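Given chain A's structure and the hints, the job is docking chain B onto it.
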Amino acid sequence: MANPLEQFVVKPLSETPIIPGTEIMLTNQAVWMFGVTLFLGFFLAFGVRKKALVPGRLQAFIEMTYGLVETLSKDIIGPKGKKMIPTIFALYMFITTLNLAGMIPGSYTATSQIITTAIMALTVFFSVIIIGLLKHGLKFFGLFAPAGVPLPLLFILVPLEIVSFFIRPFTHAVRLAANMMAGHIALKVFASFVLGFMAMEGVASFGAVLPFAGLFGITVLEVVVALLQAYIFTLLTCVYLSDAVNLH
Amino acid sequence: MEMEVLKFIGAGLAAFGMIGAGIGLGNVFGSYFNAVARQPSMEKALSKYLFMGFALVEAIAILAFVLGILLMNA
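Here the protein sequences line up with chains A and B, keeping their order. For the first sequence, this note's numbering gives the first residue as 1, with consecutive numbering after it. For the second sequence, this note's numbering gives the first residue as 1, with consecutive numbering after it.
Be aware that one or more of the hints could be misleading.
[Stated by the list, open to error] Quick list of in silico lysine-lysine cross-link-like pairs, DSS-like style, CA-CA up to 27 Å:
#: 1; chain 1: B; residue 1: Lys48; chain 2: A; residue 2: Lys74
#: 2; chain 1: A; residue 1: Lys188; chain 2: B; residue 2: Lys7
#: 3; chain 1: B; residue 1: Lys44; chain 2: A; residue 2: Lys80
#: 4; chain 1: B; residue 1: Lys48; chain 2: A; residue 2: Lys82
For the record, the hints were derived by calculation from the structure and aren't laboratory data. Here the structure is a predicted model, which is why all the values come from computation and not from measurement.
Okay, chain A solo, but in the shape it has when bound:
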């Protein structure tokens, strides 16, 4: 039986490095990420090419997706976050498409790699610090001391706030990666149950129907999780950016 973790292996497609003398090679992960970026660019540009007043199916779909992200950032960041909507929208589309591309049989889930999600989470983390310092100067550190708290309590609260601030990019990145990884491992394990039953002789091989039904259910669940985790990543990005823009 194949190892359920085998699907996450990053392997170079060819042994020749892109830049001679280094170990930078084209891997399957990089190919999927480039492919999804290209696909998204063409898909979005193709979808809104007509700019019709009464949108067609594809344009309506893209407008609704954009509307989802727009209302999200308006609700959480407020009017000051209007400049950030393109970034947030790009982040949402990129994660959603990568997650859904991972559901294609035989494909590679780039978001299950911690490096993919960590880069995005660290980008958000450093944007929060830079935007906060540029906008509010040293007042930004007031983030760690909520207003209206009695002085003795601050001694406990400030270290806690600082720890929770620095742990954010970590949980932000691992949440997405761990969810995608766990789901895909569950899929592989159930698939191996099906194959195990099929290998049996006689009537027992009909038992494969049970894990197959489970596999079907998990696949549906995984599509939901793919969309939900992309949404949660975007929502948390909005929450963190709102801290930088509006302080508390």
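Then chain B, alone, in the frame of chain A:
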């Protein structure tokens, strides 16, 4: 016992942290359904806080997961 065996026992014990996250998630979603059943018009406004609470509670489960992975590969 050998270190190899203890590693796996430790990783299994780290998974206990997910009990709390499970209870917490049940609480978050249960309260949400309760609230929406009482006041259906608040569904949109509450769902934002639902996902925020969901993400915060899930962070505990993530820490348990990472601890387990770290112990297994230590």
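Evaluation of the provided hints:
1. Of the pairs offered as hints, the one joining B/Lys48 and A/Lys74 holds, with about 12 Å between alpha carbons and a cut-off of 27 Å not exceeded.
2. A C-alpha spacing of about 25 Å is found between A/Lys188 and B/Lys7, which places the hinted pair at or below 27 Å, so the restraint holds.
3. As the CA atoms of B/Lys44 and A/Lys80 are separated by approximately 22 Å, the hinted pair is consistent with the 27 Å bound.
4. Straight-line distance between C-alpha atoms of B/Lys48 and A/Lys82 comes to about 19 Å, which keeps the hinted pair within the 27 Å bound.
In the structure shown, no violation is registered for any of the earlier numbered hints.
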